[in-house]
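Note that the protein sequences, when read in sequence, are chains E and S.
Residue 170 in our numbering sits at position 170 of the first sequence, and the numbers go up by one each step.
Residue 33 in our numbering sits at position 33 of the second sequence, and the numbers go up by one each step.
There's no promise every hint is true.
As the list claims (entries may be wrong) - For each label pair, taking beta carbons as the anchor points, the in silico distance ranges come out as: (1) S:63 - E:46: 50 to 56 angstroms; (2) S:75 - E:224: 35 to 41 angstroms; (3) E:189 - S:95: 27 to 33 angstroms; (4) S:88 - E:59: 55 to 61 angstroms; (5) S:78 - E:74: 55 to 61 angstroms; (6) S:13 - E:299: 58 to 64 angstroms; (7) E:128 - S:27: 31 to 37 angstroms; (8) E:54 - S:27: 45 to 51 angstroms; (9) S:64 - E:267: 28 to 34 angstroms.
Stated by the list, open to error - A short list of chain E residues far from chain S (calculated; beta carbon distances all over 12 angstroms): (10) 53; (11) 54; (12) 65; (13) 82; (14) 84; (15) 92; (16) 126; (17) 157; (18) 193; (19) 194; (20) 195; (21) 245; (22) 246; (23) 312.
Simulated from the structure, these hints should not be mistaken for laboratory data.
For glycine and all other residues, C-beta sits at the position ideal for the given N, C-alpha and C.
One letter stands for each residue in the lines below.
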Amino acid sequence: MSEAQLATRQHWSAQRERGSLLLMRFTAFAARRCGRRLLSPLLHVIVLYFFLTGRRARRSIREFYEHLATSSGRAGLRPTPRRVFAQFMAFADCLLDRLDVWRGALRLEQVRLLDPDGLRAQLLASHRGGRGQLLVGTHLGNLDVCRALAELGEQVPLNVLVHTHHVAHLNRLLGEAGEQRMRLIQVSELDAALMLDLSQRLERGEWLAMAGDRVPLHDGRRATVDFLGRPAPFAQGPWLLAGLLGCPVNLMCCLKIAGRYEIRLERFLDAPAWERGQRDATIAGWAQRYADRLAQWCLLAPQQWFNFYPYWDASDA
Amino acid sequence: MNASTHTALAHTALEQELAQLVIDTLNLEDLTAADIPPRQPLFGDGLGLDSVDALELALALQKRYGISIASDDKDARRHFASVASLAAFVASQQAACAN
């Protein structure tokens, strides 16, 4: 297998959601009927199956903990089989929470908002003619609590930019759950028409959200940054988009801390722009700053790192 | 920049405006509109712009002239080839809107 083929096969988007739609439906149904406590033994069995058969996922979580322990100097974070299994359990828990979020069972009052920069007020203001902004999320924690965020904004439309074919699955589930306010927009490559569309959405006061911690497969725009002490490819997309659209950029993260969701919102860039000839360097700088912030958040809830695929440069063994 | 190798035609008013738009949008501070002959390629060997510059230009055109490029517009590349082709595109779009 060529190196490119190997890279393609190892890429997160190539990872089929192993039977997950059916399983999620079943689990969702069971969770509704029996309650999560009763479901717990069954859930352990399901998770154990994925744990035992997902060798690559196990290895990538181990790698995450190794880098986290080394970079933070906290030897207590070294990977153990129990810790890796707990990661899978945390992911299952997250999936169940996502279903709760979609059917509205997770109320806004149950979520704690940490918003030192007053971004909620800005979200509300865009309802009254303000311009929209960009939210950059992460697969650390539960991204779907974005949905709760849309509720926070009281009907401010949120457009979620996604890269993959998984969209079809998610849209179907969203639709079944009656979700209307959130729109998924599939982005494979930045083109002029898409830029104009996004720009007009911002002008209308809509907000854009996208993940900052996954690299699209077919887009060569990546920046290699230092993440937890090792070189890792990060997407340039969010930062490129921010600079082109010239809109404020905010970071968003939703971690479950002591059984309760905490949404962290913070301003990242006020007016992103680059000097002529400095574009790549500027974007690489933003990507690095983002990776640094993400690394700090990882220490808050390492168990909620849900990137179950090789994350770092394979060449850097 | 090898502007001298291109036919140095004088700018029309719209071309002049667009050359200035290119300069302002992309912060080409060391250039004036006269440094971008109408038929000089904007991308590659000409002015040396790239695909991200093209996106910036597309946004600026939309803001200034209210024109947009459809996603299935295979001619987009051709429209952006030079200041002259941009001018032709803008003029045609404006004519289309006036009708």
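Tested hints:
no.: 1; hint: S:63 - E:46: 50 to 56 angstroms; result: holds, 52 angstroms
no.: 2; hint: S:75 - E:224: 35 to 41 angstroms; result: holds, 36 angstroms
no.: 3; hint: E:189 - S:95: 27 to 33 angstroms; result: holds, 31 angstroms
no.: 4; hint: S:88 - E:59: 55 to 61 angstroms; result: holds, 57 angstroms
no.: 5; hint: S:78 - E:74: 55 to 61 angstroms; result: holds, 58 angstroms
no.: 6; hint: S:13 - E:299: 58 to 64 angstroms; result: holds, 60 angstroms
no.: 7; hint: E:128 - S:27: 31 to 37 angstroms; result: holds, 33 angstroms
no.: 8; hint: E:54 - S:27: 45 to 51 angstroms; result: holds, 49 angstroms
no.: 9; hint: S:64 - E:267: 28 to 34 angstroms; result: holds, 29 angstroms
no.: 10; hint: 53; result: holds, 40 angstroms
no.: 11; hint: 54; result: holds, 38 angstroms
no.: 12; hint: 65; result: holds, 37 angstroms
no.: 13; hint: 82; result: holds, 47 angstroms
no.: 14; hint: 84; result: holds, 40 angstroms
no.: 15; hint: 92; result: holds, 39 angstroms
no.: 16; hint: 126; result: holds, 19 angstroms
no.: 17; hint: 157; result: holds, 20 angstroms
no.: 18; hint: 193; result: violated, 3 angstroms
no.: 19; hint: 194; result: violated, 7 angstroms
no.: 20; hint: 195; result: violated, 5 angstroms
no.: 21; hint: 245; result: violated, 8 angstroms
no.: 22; hint: 246; result: violated, 9 angstroms
no.: 23; hint: 312; result: holds, 27 angstroms
Consistency note: the structure conflicts with the earlier hints numbered 18, 19, 20, 21 and 22.
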